[in-house]
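Listed below are the residues making up each chain.
Protein chains: 2
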Amino acid sequence: MKIAVDAMGGDNAPKEIVLGVMKAAAQYKDVEFLLFGDEVKINEYLADKTRIQVIHTDEKIESDDEPVRAVKRKKKASMVLAAQAVKDGEADACISAGNTGALMATGLFVIGRIKGIDRPALAPTLPTVTGKGFVMLDLGANSEAKPEHLLQFGLMGSVYAEKVRKIERPRVALLNIGTEETKGNDLTKRAFELMKNQEAYNFVGNVEARDIMMDVADVIVTDGFTGNMVLKSIEGTAGAFFSLMKMSLLNGFKNKIAASFLKKDLTELKAKMDYSEYGGACLFGVQAPVIKAHGSSNARAIFSTIRQARDMVQKQVVETIVTEVASGHLKAEQDKANQGGTKDE
Amino acid sequence: MKIAVDAMGGDNAPKEIVLGVMKAAAQYKDVEFLLFGDEVKINEYLADKTRIQVIHTDEKIESDDEPVRAVKRKKKASMVLAAQAVKDGEADACISAGNTGALMATGLFVIGRIKGIDRPALAPTLPTVTGKGFVMLDLGANSEAKPEHLLQFGLMGSVYAEKVRKIERPRVALLNIGTEETKGNDLTKRAFELMKNQEAYNFVGNVEARDIMMDVADVIVTDGFTGNMVLKSIEGTAGAFFSLMKMSLLNGFKNKIAASFLKKDLTELKAKMDYSEYGGACLFGVQAPVIKAHGSSNARAIFSTIRQARDMVQKQVVETIVTEVASGHLKAEQDKANQGGTKDE
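Top line first, the protein sequences correspond to chains A and B.
One point on numbering: in numbering that gives the first Met the number 0, the residue at position 110 of the first sequence is 109, and numbering is uninterrupted.
One point on numbering: in numbering that gives the first Met the number 0, the residue at position 285 of the second sequence is 284, and numbering is uninterrupted.
To be clear, the hints were calculated from the coordinates, so they are not data collected in a lab.
Where a beta carbon is used, it is the ideal one built from N, C-alpha and C, also for glycine.
There's no promise every hint is true.
[What the hints assert, rightly or not] If you anchor each label on the Cβ, the simulated ranges turn out as follows: (1) Lys253(A) with Lys269(B): 13 to 23 Å; (2) Lys188(A) with Ser62(B): 16 to 26 Å; (3) Ser62(B) with Lys131(A): 31 to 41 Å.
[Claimed, not checked] Covered stretches of chain B (chain A as the covering partner; in silico rule of three or more C-beta atoms under 8 Å from a C-beta of chain A): (4) 210-218; (5) 251-264.
[To be verified] Some chain A residues judged to face chain B by a derived CB distance under 7 Å, without partners named: (6) Asn227; (7) Ala239; (8) Ala257; (9) Asp264.
Full structure from sequences and hints, please.
Here's what the structure looks like:
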């Protein structure tokens, strides 16, 4: 197996990327790496080149580049070349900690969509109080979503949760403003109908934003706009909470003692709320595994993201999505009868 | 001034409602109260009837009633009669801690919309880390919103923030998935254009969900679906946080000591994150002040909600909205030129 890595993306590139790749190469003897980026800078950190091939390029996509334009113009950017290696069959998956929008555009334009999936979706794994986590998609802030897109997101999340997260019969839920079937806006009402009537995955109905961290589902489906709002609300609230906690804990002698007692627990609590602990965000719907590592990834996070990519290749996540989409299980019963589709799961 | 109160709405009705009204009647000598509900049950708690008139009715709207149907069928419900008193000019404002959807329907069907406001909006005041708070609307989970609705929401929130929250030149922001002008879905992009070009209030641009608790704006405008998602995400994250904190604090002897040191601060922290501390949610866009008190309101919360209603009447919030809408300040420059509107603020 070969994994293509953009060495130049993220806040700590190329150092932490290179260190993470070396760690993964030492651990996973079945994986070879193609490392794209500035050879001189990469070699500063690349102490061991075993199963690691460096492909030099001067160009890179910046975090503030306009995604689509950058991908179209910077054809030699490290991120674009990594995706091109996948497209050309030289690598099985690619990862980057760089510009999220650009990676989505690269996946879409360079690697290409899976037939039958209308819109790719970005899917991080988010925390629950139980520590189990759940896959949420789309968080790519795609502009306008249609009900069919949400139907397809459910399938992709379900395959991933089952194959990589090893959850049997993952519970797939629709994010909505109430749990009743009749709740929601036009998009969620119509998506509910489609999801209820398919046979490709285990749809468990609506969930509310208030409950998503309480382990109510393994996969939660929403449009990119709403998903972005919810994710940032969670981040913002957690941030506000920690800043208030900190103010409290430094306020007076007794509190400082309490703080010293609680330091370890608070650090654990912060880690529990930090979704980067659960690995990178997968770009589902393209023809190979593409994973976005967190922009602030250190070597350990890059290592986890590589393991995630390796799992996706080994467990044939993309192939399973392709097969499921082709099988017609996403269609409602009557549609399938008309089309003579099969229905065993 | 007269305020109509639904004595039968909320988890603690009628007891806490009656106690709250008595407290307000004792404090505000300029206010009289019309209290609608079951006379026998109300009189159990109504020790002092000074400036309080009880109007008996057997009917009430339940928390799980389907809002629109309930309002149309239960014409003698305490909530509906309270609104009817406002419509008939017998009261200046009404409040209820009951079914939110039903109160919105009551406001709309019984009291009626302000001319030029296409859609009413429900607006609670939400917490910031600074303790200042901000008005957010719409959180009524109205189905589909149009850009013009968001434009109007901005005006109503701004008038309220200025008159009742005493904030000079309130900063009105649009909730979006990025701060740049070009970000968002079709709705937010078009709303941004309208808000940028009006002269009725101080539009400061987009804010992200991540930052809303950091005192970035005094009024934050969004559609009801997104608003509901964000509010519930905040609630859910705060809830998850407190449950994890509690688990930590009861985990081992040292932590229990720390917990005892921090008890007061944690209670304060919880209060800071609890938006019911900031009063009830206003239903803007109807022809009189209508306020939804939190369903779990105690007497103190009811008292606060009454003070809020009194402020809205005294400061002529509704009248100001009516005047502003009629003035044409919401229109863009060129529209106004065509219509010959005035433009001084």
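Verification of the hints:
The supplied range of 13 to 23 Å is met by Lys253(A) and Lys269(B), whose beta-carbon atoms lie about 19 Å from each other. The given range of 16 to 26 Å is respected by Lys188(A) and Ser62(B), whose C-beta atoms sit roughly 23 Å from each other. In this structure the hint that Ser62(B) and Lys131(A) lie 31 to 41 Å apart at CB holds, the actual value being about 32 Å. A stretch counts as covered by a chain when three or more of its residues have a beta carbon under 8 Å from one of that chain; for the stretch 210-218 of chain B and chain A the count is 4, and the coverage holds.
Here the stretch 251-264 of chain B counts 8 residues with a CB under 8 Å from a CB of chain A, which clears the bar of 3, and the coverage holds. Given the 7 Å rule on beta carbons, the hint for Asn227(A) holds: about 4 Å separates it from the nearest Cβ of chain B. The restraint placing Ala239(A) at the interface with chain B holds, with a minimum CB-CB distance near 4 Å, inside the 7 Å limit. Against a cut-off of 7 Å between C-beta atoms, the interface hint on Ala257(A) holds, since the closest Cβ of chain B lies about 4 Å away.
Look at Asp264(A): its Cβ gets to within about 4 Å of chain B, closer than 7 Å, so that hint holds up.
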